[in-house]
Amino acid sequence: MYAKLWWLIQKDLVSEYRARCVWPPMLVLGMAVALVFSMQLELLAEQKRQLVGSLLWLATFFAGTIAIDRSFGAEREDGCWEALCLYPIAPSWVYLAKFLVNVVALAALQCVLIPLMVAFSDVPLFAHPGDLLVVVSLGNVGLAAVGTLLSGLVMSVGRSSSLLALLALPMVVPILLACSEATRLVAQDTLDTAWWRWIQLLIVFDVLFITLGMMLFGFVVEE
Amino acid sequence: MVKKARNRAKGEVVALVGASLLLTAGLVAACFVAPTEKTMGGVQRIMYLHVAVAWFALMAFAGTAAGGATYLVRRNLIWDAWAQAAAELGWVCCSLMLLTGSLWARKAWGTWWTWDPRLTAAFVLWGIYSGYLIVRSSVEEPHQRARISAVLAIVGVVDIPLVILATRWFRGIHPAAPQMEPSMRAVLLLCVAGLSAFLSLLVWQRQRQLDHERLVGLLRARVQDRVF
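In order, the protein sequence lines correspond to chains A and L.
Per numbering that gives the first Met the number 0, the first sequence starts with residue 0, numbered consecutively.
Per numbering that gives the first Met the number 0, the second sequence starts with residue 0, numbered consecutively.
For reference, chain A alone in the conformation it holds in the complex:
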């Protein structure tokens, strides 16, 4: 089963490597959002530390929506979805594969965005790399878990990606808030109980959304 899961992941990564139609626009949009924020905000150092978390996660959400939308959008073309349905694997594993590909895409986006944010705003985000990695990993998992399920749903309905943004934004607000606050606390060097509470909230949401995604995805793609 894990070999089949890996093949599905590999299929998406290889097709993206060959076509390069999702990651480049995602990275460019993320960089553009980060640049615009940084250029417009001439703030004091402490104010930048307060804002950097929100800006990072807003840029991640806007740019990441491109990758999440295309995770099933690409399957609509040339009967790809029908072929994928013939693959001898449960829908929940298809969800898991798409979810993992989206986590990789968001991680790639943040590998570019975070150094860019640090360079432009001079906020010491890398002072606690381990804690930052925890926040970023949990945030990406949460965004990808909700986004993948909703992307499948939008594909099933046959609607445009604007519907995905409309549905995803309210659902991911708790995750974005928790990530922004946890990143702010990392930037302000105050890793106290408040930080741990945001991390706990993120863990709860991640577990809930992955479980719900795996349970409900079969109903979403049912013909």
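A couple of the hints might just be wrong.
Claimed, not checked - Covered stretches of chain A, going by a simulated chain L footprint (3 or more residues, C-beta under 8 Å):
no.	segment
1	113-120
2	168-178
3	196-208
For the record, the hints were derived by calculation from the structure and aren't laboratory data.
Note that beta-carbon positions come from the ideal geometry of N, C-alpha and C, so glycine has one too.
Knowing the structure of chain A, use the given hints to seat chain L on it.
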């Protein structure tokens, strides 16, 4: 058969009149019987309506998810009709909750809106079920609509515990469980009971209307099949 239908109609009228009287009694008690709060004065009476609509909105959204989950198990569209009816009334109550809360906040906190954890969670809930209703209206095929809506409702219900527990988990300015006089508490309970009874009946009636619409649609399709 006709007698049974008549008895049922009578029962419905009696239930509707009873629920309306209970709701009217609650609103009258909130306006004229409940003591005036010392610091806020008459504006504090908004709280009786605010809590009642908030309670019903949360229950209705939980009911929407329950209806959706039952549809996914049984594949009977009547459960989807229950889910839709509950979502519509829940959305109206959620909007009223945000509106009355905003009016109350203007007097209590000096602002129409603040990003307090509970307010934020409530606004997110409103957004989730607005999306739910938009998706419902954009899908034609009834079973596909029911499936997709059920999934959205079940994912959306995750926000309800966040609304309830936001005041305990995070520091905010929204009152958690304020101490109040026994008479105020009694009026509040009367308002919650009256509004819940009245709106539950409306949900029931709306569900029946939706079910009848579906049956009429089926009959119309059959007649068209015979004719052409």
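Okay, the hints, checked on the actual structure:
no. : hint    : in the structure
1   : 113-120 : violated (count 0)
2   : 168-178 : holds (count 6)
3   : 196-208 : holds (count 5)
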